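Visitor: Those protein sequence lines, which keep their order, are chains A and B. Its first residue numbered 1, the first sequence is counted upward by one per residue in the working numbering. Its first residue numbered 1001, the second sequence is counted upward by one per residue in the working numbering.
The hints are simulated quantities; they were obtained by calculation from the structure and are not laboratory data. Every value quoted in this text rests on a predicted model; they were computed, and no experiment measured them. Cβ atoms here follow ideal geometry from the backbone N, Cα and C, with glycine treated the same way. Be a bit skeptical, because a hint or two may be false.
Computed beta-carbon distance windows for the label pairs [stated by the list, open to error]:
(1) B/GLU1034 x A/GLU324: 36 to 46 Å
(2) B/GLY1052 x A/ALA84: 27 to 37 Å
(3) B/ALA1188 x A/ARG209: 33 to 43 Å
(4) B/SER1122 x A/GLY331: 47 to 57 Å
(5) B/GLU1127 x A/ASP261: 53 to 63 Å
(6) A/ARG276 x B/GLU1127: 27 to 37 Å
(7) A/GLY172 x B/SER1057: 39 to 49 Å
(8) B/THR1049 x A/ALA84: 27 to 37 Å
(9) B/GLY1052 x A/LYS472: 12 to 22 Å
Covered by chain B, according to a simulated footprint, are these stretches of chain A (three or more residues, beta-carbon under 8 Å) [claimed, not checked]:
(10) 414-426
(11) 450-463
If you want the building blocks of each chain, they are given just below.
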Amino acid sequence: MSRTLFDKLWSDHVVCEPPGEPALLYIDLHLVHEVTSPQAFDGLRAAGRRVRRPDLTVATADHNVPTTDRSLPITDEIAARQIAALRRNCADFIIPFYDLDSAEQGIVHVIGPELGLTQPGMTIVCGDSHTSTHGAFGALAFGIGTSEVEHVLATQCLPQQKPRTMDIHIDGELPESVTAKDLALAIIGQVGTDGATGHVIEYTGEAVRALSMEGRMTLCNMSIEAGARAGMVAPDETTFSYLEGRRFAPRNTAKAADWDDALAYWRTLTTDAGARYDRVVEIDVRALAPYVSWGTSPGHVVPVTGSVPNPSDTATESDRRATERMLDYMGLEPGTRIEDIPVTRVFIGSCTNARIEDLRAAANVVRGYRINPSVHAMVVPGSQTVKRAAEAEGLDRIFIEAGFDWREAGCSMCLGMNPDILQPGERCASTSNRNFEGRQGRGGRTHLVSPIMAAAAAIAGHFTDVRTWEFK
Amino acid sequence: MTPFRIHIGRVAPLDRPNVDTDQIIPKQFLKRIERTGFGEFLFYDWRYTANGEPDRSFVLNANEYRGATILVAGKNFGCGSSREHAPWALLDYGFRTIIAPSYADIFANNCMKNGIVPVVLSEAEVEELFRRTSDGRGYQLTVDLERRTVEDDQGFSASFVIDDFHRHCLMEGLDDIALTEQYEPQIAAYEARRATWRDSH
Ligand code: SF4
């Protein structure tokens, strides 16, 4: 029978299917960070349980870490206590931990792929909704809560109801300066923030095949913003060449042909011709423009050439009320052209858009310019590895000379658990994934954009169509 | 976790769609390493003004909803992050059940792990509950998990769907890690047939 990529991954990981209970799935890789794990480790201790497979578990500190000088102590005592708890838990349970002083520390969804931990055909979980990022490699990767973190630590398994499948088929070639981020925002705008609830998305079509691994990660990362359980892309030569030689990727040795064996298996991970999905959505990207969000939910987006919508144009009374509320929070008037909206903050970072390719693209826009005097802009690399690579290429100089802050790796202003936050009323062009009320700081106003759109806004002082940018 | 069979309680209405987990429990409160004590920070940015005073216009600060244990909300409730601090905060505040037209997957799952029942009713039924709750006279509902019904004593009655397994776990207050541990032989057998190159890290 023809099977989808998801069907293959699912059935390869079913440990057992007890009657009347959800299937028990085996987990190949469990990523852990400081915010969603302390209560899970406490639960283990209280029940006298051990970690079943510390060798399939990897931890890092990313969410609340400062992005300033790492040699200084953390001034936020509660954050320091949370990181200390993770350090102790990893030591007690013998879990590899990329601590703050590690050369590989970074956002958990950036370091997994970078280290070659993330591989095709795996089941990957993390107490974090953006675990969907890892689906870019043809893995079934999804976010879980802390009780489930404890469950996986104890048993390396998770009881799971089988989700439905959804094919988002993307035809055409992305126009110049229109990125995977714009594609992700356009998709969420089209299907809605709950449009994929209960589904695992597979992204297919020529536009997806043409994306780099970084682009695929950006796309899969935001699957959760459409409500999906996970997002995935079938692995291909792009995937394999990204992985080959990475530290934890399989390799051939005198004793075993691990890379060859893995590759042979990975090549089977495609959706068979004739396999059926529960839902299919078709998108053509030939005319896609850069996107900007205007509201407080990631589905509220318009092309940069568009305007802020009018509440009276909405379909229902409750949509009208919600839109009015959003415009009030965002301090926007209906009908305002997106390009006329000024920004005072710019954040280039997060697990959506802080990989080397993102920084290269943004630096390319910035090169030779100064940021607008009314703007405070920062670049926060996704990992220390990205930071070093960028510095080796001189990208840091381009940003610093233009007036950007150049920071240490972490989640930073994506969620503002550390000191990097917006002040009430500040308006930010952000490459992150959520524009919820207060997400980047109480009263802060977030507009989601691509890295090159954010870079252009920093220089112009307002949103501007990066397709017409004059590169220097 | 506390078993849930029948719950009778006061209802608070939160008539907004897409209430995300950043609203339910803002990030500045996620640094605690305990499971308890989150209730006072529930909906913090809506409950309190910027200078820390209770915001009188927010529904949970109104007298008639004091002590509410059932929250009625708009669609896609709990979207956003996977933080289990959201159900911990709801539970710690006193909510035992939520009623909404839909939930984000991870949030609904997290609720059930903590003995909170995420009841799904149709948009029309939820609208009706908003109407009935707004009379300001301590509106109450009975949520019966065994019969899968929501009723008041003024003629409202609706049934909801929840799968047998989760219903059973909620009603018994089961520790599902212990359930999985029963399958140890199957897990060990799976590990034995797993490709060895998968363990290379
Ligand atoms: S960068 Fe943002 S979205 Fe990504 S893991 Fe960190 S907080 Fe979550």
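Visitor: For every hint, state whether the structure bears it out.
Guide: We went through each hint and held it up to the structure:
{"no.": "1", "hint": "B/GLU1034 x A/GLU324: 36 to 46 Å", "in the structure": "holds (39 Å)"}
{"no.": "2", "hint": "B/GLY1052 x A/ALA84: 27 to 37 Å", "in the structure": "holds (29 Å)"}
{"no.": "3", "hint": "B/ALA1188 x A/ARG209: 33 to 43 Å", "in the structure": "holds (40 Å)"}
{"no.": "4", "hint": "B/SER1122 x A/GLY331: 47 to 57 Å", "in the structure": "violated (35 Å)"}
{"no.": "5", "hint": "B/GLU1127 x A/ASP261: 53 to 63 Å", "in the structure": "holds (57 Å)"}
{"no.": "6", "hint": "A/ARG276 x B/GLU1127: 27 to 37 Å", "in the structure": "holds (35 Å)"}
{"no.": "7", "hint": "A/GLY172 x B/SER1057: 39 to 49 Å", "in the structure": "holds (48 Å)"}
{"no.": "8", "hint": "B/THR1049 x A/ALA84: 27 to 37 Å", "in the structure": "holds (34 Å)"}
{"no.": "9", "hint": "B/GLY1052 x A/LYS472: 12 to 22 Å", "in the structure": "violated (48 Å)"}
{"no.": "10", "hint": "414-426", "in the structure": "holds (count 4)"}
{"no.": "11", "hint": "450-463", "in the structure": "violated (count 0)"}
Hint check: violations occur at hints 4, 9 and 11; the rest are consistent with the structure.
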